[in-house]
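Participant: So you can see what is in the structure, the chains are spelled out below.
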Amino acid sequence: MPAPAMTIPSAPVLRAERIGKTYQGRSRLFAQATGVTALTDVSFEVGPGEILGIVGESGCGKSTLARIIVGLEQASAGRLVAGDATLVDVAAGIFLPPAARRIQMVFQDPYSSLNPRMKVGDVVSEGLRIAGETDRRLLADRVAGMLRLVGLPAEAASRYPFQFSGGQRQRIGIARALITEPRILIADEAVSALDVSVQMQILNLLLDIRDRLGIAVLFISHDIGVIEYLCDKVIVLAQGKIVESGSADAVISKPSHVYTKKLIDAVPRIQD
Amino acid sequence: MHDTSRIDDAVLEADQLSLFLRAGRGTELKIVDSVSFSIARGEFYALVGESGSGKTVIARSLMRLFPPNTLRMEGRLVVDGVDLTTAPASRVQRMRGRSISMIFQEPMTSLNPLMTVERQIDEAIAVVGGMGRRERRERVVELLADVQFANPGSVRSMYPHELSGGMRQRAMIAMALANNPSLLIADEPTTALDVTIQEEILQLLLRLRDQHGLSILFISHDLSLVRRFADRIGVLYGGVLMETGPAHELIDHPTHPYSRALIDCIPRRREAGKRQAGIDGLVPGVADWFDGCRFAPRCPRMAEDCRHGRIEMTPTQPAQVARCLHPL
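Here the protein sequences come in this chain order: A and B.
Offset between the first sequence (1-based) and my numbering: plus 3.
Offset between the second sequence (1-based) and my numbering: plus 70.
Since the hints were made in silico from the structure, they are not lab data.
Computed from a predicted model, the values in this text were never measured in an experiment.
Warning: the hint list may mix true and false statements.
Listed next, the in silico BS3-like pairs over lysine-lysine satisfying Cα-Cα at most 30 angstroms (straight line) [claimed, not checked]:
#	chain 1	residue 1	chain 2	residue 2
1	A	K244	A	K265
2	B	K100	A	K264
3	A	K257	B	K100
4	A	K244	A	K257
5	A	K265	B	K100
6	A	K244	A	K264
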């Protein structure tokens with residue numbers, strides 16, 4: 004199946020403008036509160052059907068950025084615009100609630116991110132039920148459709164998460180994220196807990212979903228090989244700032260920033 | 071012990087090693103099946119495999135780190151001339167730290183948060199005994215310098231929470247080396263660390279190997295990492311050693327279809343519209359192992375004879391052996 008043309012410039016699905024995040028310390032007697040800056044002036048754009056890789060070492064701010072975009076954390080500066088909706092505008096005091104943003108997340112650990120006491124069908128349909136959908140027939144249909152999309156049998160709905168392998172659980176996590184028809188999917192190290200043979204299945208699933216639904220994906224990872232395989236564009240974060248950005252090919256084959264070079268050189272790779 | 075040359079050279083020798091997990095009510099599960107490999111003095115040997123392949127159980131069986139009566143060992147597993155499958159517990163206890171040492175994946179959970187670096191390393195030295203306080207103190211500083219702390223004098227009085235992930239792992243290595251073991255087992259020691267720190271730790275292990283003639287058994291799931299650092303590699307699948315040989319040869323020219331498939335799963339640069347294939351299906355669970363080759367149901371080269379009987383290790387390259395009837 005040919006991929007949809009991704010090069011046609013179109014309105015970005017998500018635009019981040021100078022996002023900043025400072026964690027305020029506590030003020031003590033005679034001492035002013037000092038803050039810790041986690042993100043400074045982070046700006047980027049993601050188009051429809053585009054996969055943006057976010058790379059950096061632990062503590063560089065990549066997960067904070069994801070949490071700000073999805074609405075689990077408040078930015079201290081900047082703007083986030085999705086299509087024609089303003090999600091966040093710190094100066095204007097706008098913080099759209101997470102449920103209204105149409106952004107969903109897939110987490111790293113498929114073992115701890117699914118409620119063990121809920122049946123898979125309930126896990127997957129929860130987003131719709133929270134949004135107020137009560138028609139059980141419709142819910143069951145949508146769940147079956149989502150499970151099919153991620154390559155699981157429809158019977159999976161009546162089983163519990165522990166009956167599935169790590170890769171299958173990650174598929175369930177993706178189905179859960181997609182059922183509310185988000186415009187953006189954020190995958191935070193979504194394949195790093197998986198075995199290589201399973202990892203490739205999930206990466207291909209993400210590519211299929213992107214091709215079929217035209218959804219934008221923010222993919223956070225420390226694995227350069229995975230980024231190279233999956234992503235169209237990359238931003239490299241170091242100490243809360245973007246130090247390099249561009250097409251995945253260009254950034255990885257010809258890194259221009261010292262930090263990016265160091266990061267890429269440290270990754271052992273098997274040459275073809 | 072007639073073949074002395076072989077014994078002298080090998081620090082570790084596993085010969086048809088099988089491990090059985092006692093599952094209660096007299097039932098046993100075979101979790102490792104007839105694995106044979108050896109590690110020479112000063113050699114960096116990597117065991118690679120996906121989860122459930124048996125790599126960690128093999129590592130732990132070397133330290134006999136199992137509650138009594140939970141694991142039964144068959145075959146031979148010889149380290150420094152002692153067969154661990156039959157040695158009494160007291161003998162194994164004397165070997166821990168002195169013949170064999172181990173470092174783990176998560177350095178924070180393996181260090182005691184309430185003890186300074188010095189006390190933890192000192193504890194490891196004192197267990198063996200024979201050194202006075204001052205001597206031990208000098209040894210601690212020497213060990214910290216050995217694992218390349220720029221300032222061992224100040225690091226020794228620090229607590230684990232004051233150290234970064236990479237520093238903690240180096241403190242762990244210093245502890246493991248306290249009594250000059252011949253074999254260091256490293257179970258995914260860099261998985262929790264950033265890539266730049268990972269590089270640092272591996273360079274350190276290589277340097278220690280060269281300096282002290284240390285043999286290293288490195289457990290990993292990362293083929294690209296071991297290709298770069300290991301001398302030889304063993305590929306495990308479903309409790310069976312599928313192929314073993316020199317690192318570069320094995321990765322660049324695998325002869326077992328499973329090794330090939332595993333290498334092909336490593337994501338790399340993709341041409342627009344193209345896909346790399348994963349391996350279809352799942353790793354078989356220990357409870358449903360079957361006759362013949364464990365990889366057969368997922369193997370592109372599967373033939374009728376793969377589904378029956380026992381498949382032996384056969385040479386496929388000058389220095390490579392594979393357990394396959396239809397090697398590449």
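Participant: Holds or violated: K265 (chain A) and K100 (chain B), Cα atoms, limit 30 angstroms.
Facilitator: The hint is violated at about 44 angstroms.
Participant: Are K257 (chain A) and K100 (chain B) close enough, with their CA atoms no more than 30 angstroms apart?
Facilitator: violated (49 angstroms)
Participant: Need the status of pair K244 (chain A), K265 (chain A): alpha-carbon distance at most 30 angstroms?
Facilitator: It holds: about 16 angstroms lies between the C-alpha atoms, which stays within 30 angstroms.
Participant: Would you check the hint for K100 (chain B) and K264 (chain A), treating anything up to 30 angstroms between C-alpha atoms as holding?
Facilitator: violated (46 angstroms)
Participant: Between K244 (chain A) and K264 (chain A), does the CA-CA distance stay at or below 30 angstroms?
Facilitator: This hinted pair holds, its Cα atoms lying about 16 angstroms apart.
Participant: Checking one constraint from the list: CA of K244 (chain A) to CA of K257 (chain A), max 30 angstroms. Satisfied?
Facilitator: holds (20 angstroms)
The structure is inconsistent with the numbered hints 2, 3 and 5, although it conforms to all the rest.
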